[in-house]
Each structure stands twice: as structure tokens, then as C-alpha cells.
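Visitor: Letter by letter, the chains look like this.
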Amino acid sequence: MTVETRQGIGGGHFAGLLLAPVRWAMNLIDRPMSFVQRRFGLGGVAAAFLAPNMLVFGIFVLFPMTLNVAYSFTGGGALFLNNRVFVGTLQYETLLACRDFLDAASCREDRFWRAVGNTGFFVVVQVTALVLVSLATALVLNREMRARGFWRAVFFFPVLLSPVVVALIWKWILQRNGLLNAALLELGFEPVLWLVNRGWAMFWAIFLSIWAHLGFYTLILLAGLQAIPRDLYEAAEMDGAPRWRVLTRITLPLLWPNMVVVILLALIRAVQVFDEVFVLTGGGPGTATLFLVQYIYETGLAQQVRNLGLASAASILMAVVLIVLTLIQLLASAWRERKEQR
Amino acid sequence: MSHLELKNVSKSFGPVGVLHHVDIEVKDREFVVFVGPSGCGKSTLLRIIAGLEKATSGDVVLDGEVVNHLAAADRGLAMVFQSYALYPHMSVRQNLSFGLENTKTPRDKIEARVTEIARMLRIEELLERKPRQLSGGQRQRVAIGRAMVRRPGVFLLDEPLSNLDAELRVTMRAELAALHKRLDATMIYVTHDQTEAMTLADRIVVLRDGRVEQIGTPLELYNRPANRFVAGFIGAPHMNFLEGRFAGGEAGAARIELDGGHMLSLHIPARPKGEPITIGVRPHHIETQGGQARIPATVTLVEALGPETIIHAEAEGQPRIVAALAGQRGITSGDTVSLALDERFLHAFDADGRRVAEGEVAEEM
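Residue numbers (our numbering), protein chains in the order written: chain A, 1 to 342; chain B, 1 to 365.
These are calculated hints, taken from the structure and not from any lab test.
No experiment lies behind these values; they were computed from the predicted model shown.
Incorrect hints may appear among the rest.
If you anchor each label on the Cβ, the simulated ranges turn out as follows [what the hints assert, rightly or not]:
| # | chain 1 | residue 1 | chain 2 | residue 2 | range |
| --- | --- | --- | --- | --- | --- |
| 1 | B | D28 | A | R143 | 37 to 45 Å |
| 2 | A | N53 | B | E303 | 28 to 36 Å |
| 3 | B | D108 | A | F156 | 47 to 55 Å |
| 4 | B | F13 | A | W151 | 18 to 26 Å |
Here are a few chain A residues that face chain B, going by a calculated C-beta distance under 8 Å [what the hints assert, rightly or not]:
| # | residue |
| --- | --- |
| 5 | R245 |
| 6 | A334 |
| 7 | E337 |
Glycine included, C-beta positions come from ideal geometry on N, C-alpha and C.
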């Protein structure tokens, strides 16, 4: 295998110069590559190329995950696994010890169940709102309008910000003497303790996470909308379809594959919610905005007595929920696809 | 009854004018074809009629009523799109019934209508299939069916055959012609294919750069093209254009000297000596035997099609000349032939491309 470059008309010489180092490097690895291919076959070469990534994945993802499972069956305050006591399913039993699953106070690990309840509420409301708002935003941004590129950038901009920065900006707006209360005072209203009131704190946690991630999901839906041929809308127009019917009978069914991606990603991300809400409310007031990941973090790492076993067990339970959610989503999608092909 | 008029219709996209003062009348039950090269504005014109595009100025008049302000669905028209625009997630049945559902037609009437259309178009067995499970021709039929189901006053067809292969196109062309007869409906058909235009149309509208070049029956356009553009666009293979100059003659019988030195006599008024003129001659009006004006030429390409032989030849002072000779000839590339132009069917165009002496060219029988 010897690399040759084609010299185009005009600029070909310049391109040739630019490509010279590439050509040189390719020719340099030509002999060893040919040797490896002969020695180990094409499959062997593919495995060799994948190996570095698999190694990184193995060390930083697969190994900690396995370790986490092992930790969840241990107890005590020791950090290293070999110094820890094997306790079997005790940590799981502790987490699941409830007289009434609908009443967190009746559970031995009530903070875990409060976090589960909060996360469940957050997931349902945030994902629903996020998907609907993203859809509405994408539909608006997909229309012919002035400065469409600018508006798209505006909605995408928060995605580029660090979650901590986003949370700090909103904390500055929402705190007792923040921008929002200053505006309310200016308008003659009483200031509201946005982050102290339990209901408002949850509202702003949901609002903040929607604001921060809206652009990303809007982008996915916008790409889906743009892939729908304009002809179909014109055909619907000729068919006399009212706008609502065009949305429900043409746009949404054709956007469904993108919706599945959006719902799936939003679900996973909502279950994992932590950083921005932690910075904004710290999980408070009380446990009003305490979510699962914060519970795991505090139980395993931030408390004076670290309970790594309990934290690991909680994270395994969370992973199981995520896997189940993902499977349901994928199965629903596959079922729909099969139904369409019939 | 559906009678359509376009009155002084113009359309601009920003500073770019795409249609300029178009006046066309389409009579009830007529099959009119808009034909022209890409970018001539024919599809835009169709979209303006459909109500999918608004004219910058001028009126669309349907059965005596100006419909500029009416939405597409309220004009009583139906359109078959170039891409068919079938709803991919709906079955053929749902595609056909969608338009009727929008008008809240009772379910039993929708069923009856869909069944009737499906039977007429021979797509009954396809009703439960999705568009992606259909062949190009079947999709075409479904698209036509969707247009038919609402019983429109006028059918608008935007290059409906352009996505089909050559063989299927010929079949579908014949089916469309038969359908027009059976439905007795007004149809406006857009194409860039002059063969489709010639075979389907009652009348053809030739468009170029947003202007109507000529309106007429296929044979009017073929026999008496109004200008060089129409002459070159209508007819296959394309008309040959030979450059020359007036070289004297009498009233009603001009002498023309073609570039290369060959002389022709034409029944057109003589003009001052030396004034340039273009002579148009269709490939089917050139022979290698007989005739008066004989132009020696070298054959560069021979296309033996069986029933006819098409030769491409080069003559002194002239661009490539194409001749369509009846039957099979023993001509090969490199041969020298003597091209005889049938003077009864010559067309003359002045320096601006306008036809000279309308009515002097014989009708081909």
C-alpha cells in the first residue's frame, strides 16, 4: 500500500505540499501494517485499533462498575475493598426496609426514600415539561422567521455553559436579595423566598434544569423536523388538513424516532440530576430537593462517617431503574417500528 | 366545470423575478402542459395556481372567480407532486382517505370512495401497504388516487413521471392520457420533457425565463414554432439551425446563402442582402437522397435505431447537423454524405430569433 495523491488543477501543488507529511507518515507505517495484517489477519488489526479505547473504558468505567457492585455487599468504614467486611445483602435490606413504601418516614433509610420520591417527581415533571417545551421551541424555530439563526443560537447557548455556572447565575437571580426579588420590589410586590419555600425550590430546580438543557433537545428535534420533506406539508395543505391535524397526523408521527431519543436521554439525565440543583439549593430546604445522586454522594463521600456500602447499593438500585427505563423505551420503539413495517 | 385563467401573473422572490406577466387560459376538460427548461418558472406557476405560492401581482381566476385569497384546500384543486409526497407512516388506504377525513366526510362515504378509486387505479391489493413497500409506478398511482379522491375541479401534476424509469414512464403516460379521458377533468401538467408534452397535451404552454414563449396545440408548436427557442425545444431530435444571409431574390422568394457557401431558395419576403438569417430544419426533414439544396458533410456518429437511422454530420461553415433517416442505412462514421434539406419544411428565424414569414411552411401530413 503506497499512498499517492492526485494533483488537481490550480492549488494542486499547494495541496500536495500539505499532504506530503501525511503521505510520508502513511508510507512509513505501510510496511509494519502490512506485516501485522499478514500475521494477525484483518480481525486482529481491528482488535488492536479498538484495544486502547477498550482499555480506557475498562479501567475507568467497567472496573469501577464491578467494584461498585462488590462494595454494595460490604460494610464498615474502610476505604479499600480488602479491608471491608462482607455483609451480603444487608445494605440492600437497609435501603428497602420500609413499613410503607409511600411513607418515607416509615423507612429505615428515610433520606433515600425521600430522594427516590423527589427524583421520581422530578423525572415525571421535568421530562414531560422538557420534551413539550423542546418540541414547541423546535416547531417555532423551524418556521420561516427573521434572524432564525440568532434565535437558534440563543436557545442553544445555555448548553455551552457549565452546570455550576448555570446554577450560580440562577442562584444570583433567585436568592433572597437577588435580581428577581429586586425586580418584584421595584414593581411594588413583596419579595418571595424562592429557594427557601419547598414548592418554589422544586419548581426552580425543574425550571433551571429545563433552561440549561432545552437547547440540546431542541437541536435533536429541530434536526428531525428539518428531515421531514416540505412536500408532505404541502400535500397536507392541499388535502385541507387543519394545523392541529398536520401536527398530530404528520409532524409528530414522523418526528417519533427523534422523540424517542429525546425522551430516553432526558429520562436518563433527569434520574442522574445532581450538579446544578446541588449548587442551587444544596438539596434543601430540608430534603425538598434532595435527589438520588446527591443522596449517594453525601452517603458515600460527603458525610463524616462514609457509608460506601450503602451508597454503592443505592447506586446499583438506581442503575437497575435506568436500565429498566431504557429497555422499556427501546422495546416500545422496536414494537412501533415492527408495527409500521407490517 | 373548471375553467382557469391566469391574468397578468408575475412572481418575484426578493429582487429575482421568476414569472413575468403570464396570461394563460385553460378551458374546461382541457389537458394543458406547461413545458420549459429547468428554472423557467413552470413549477412556480403551478404552485401559484394550487395556492401554495402567492403571486406578486396578477390574478388566478377559477370559474370566473378570483381565488388569489383562497387557501390551497379551498380552491377545489388537487396536486400530484413530483416526489409523490405520500405520507410515509400511513397505509395507502390512510393516504387516500386523509383528505376526506379533513373535510369530516362520513366514514362509510370515505370507505366507498377509497374503494372506488382503488378499483379504478388497480391498487386494491395495495391498500394496507405503506408507501415504502410500493414500486415507483404503484406510488405514482396512489399519488394520483389521492388527488382523485376529493373529486377536484382541476388536477395539477408537477412532473409526476420524472422519478420513473424510461419504460414505466411510457406506460404511465398512456395511463394518464386514458385517465384524463375517463375522468373528463381539467388537467394542468408540468414537465421539462417535450415528448410528454407532445403526447399528452391538448395544448402546450412553452415557458422560458418566466415568460410564455408560445401557446398552441402540439402540432401548431411543431409546425409553426413562434421563435427559435420553441423550435429548438419542441421535437426530438432537436431542430438543426443553419446560419446564413440573405442573398437577393424576389418578393416572396428569397435567396439565402448558408455559411459554407450553399444556396437555398425560400418562400419568404426578401430582405436586404447580407442580413443574417437562421434556417431551422428538423432532422426528419433531411435526406441523403434527392432534394435541391445538397450540403456535403462528413458523418461523425451513426445511431442505428432500427426503424430509423440518426446520423450526426459536420458540414463546412455549419455546426453539427443531425439527420433522422427512415429505415436502416449502410452509413458509417467517417462517410461523406450529401444532405438534402426538404425545402417545404424549412423554418426561418431573424437575428432576434423570431419566426420569419408565418404561414409559409407546409404542414406535415
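Visitor: If you check each hint against the structure, which ones fail?
Guide: Failing hints, ascending: 2, 6, 7.
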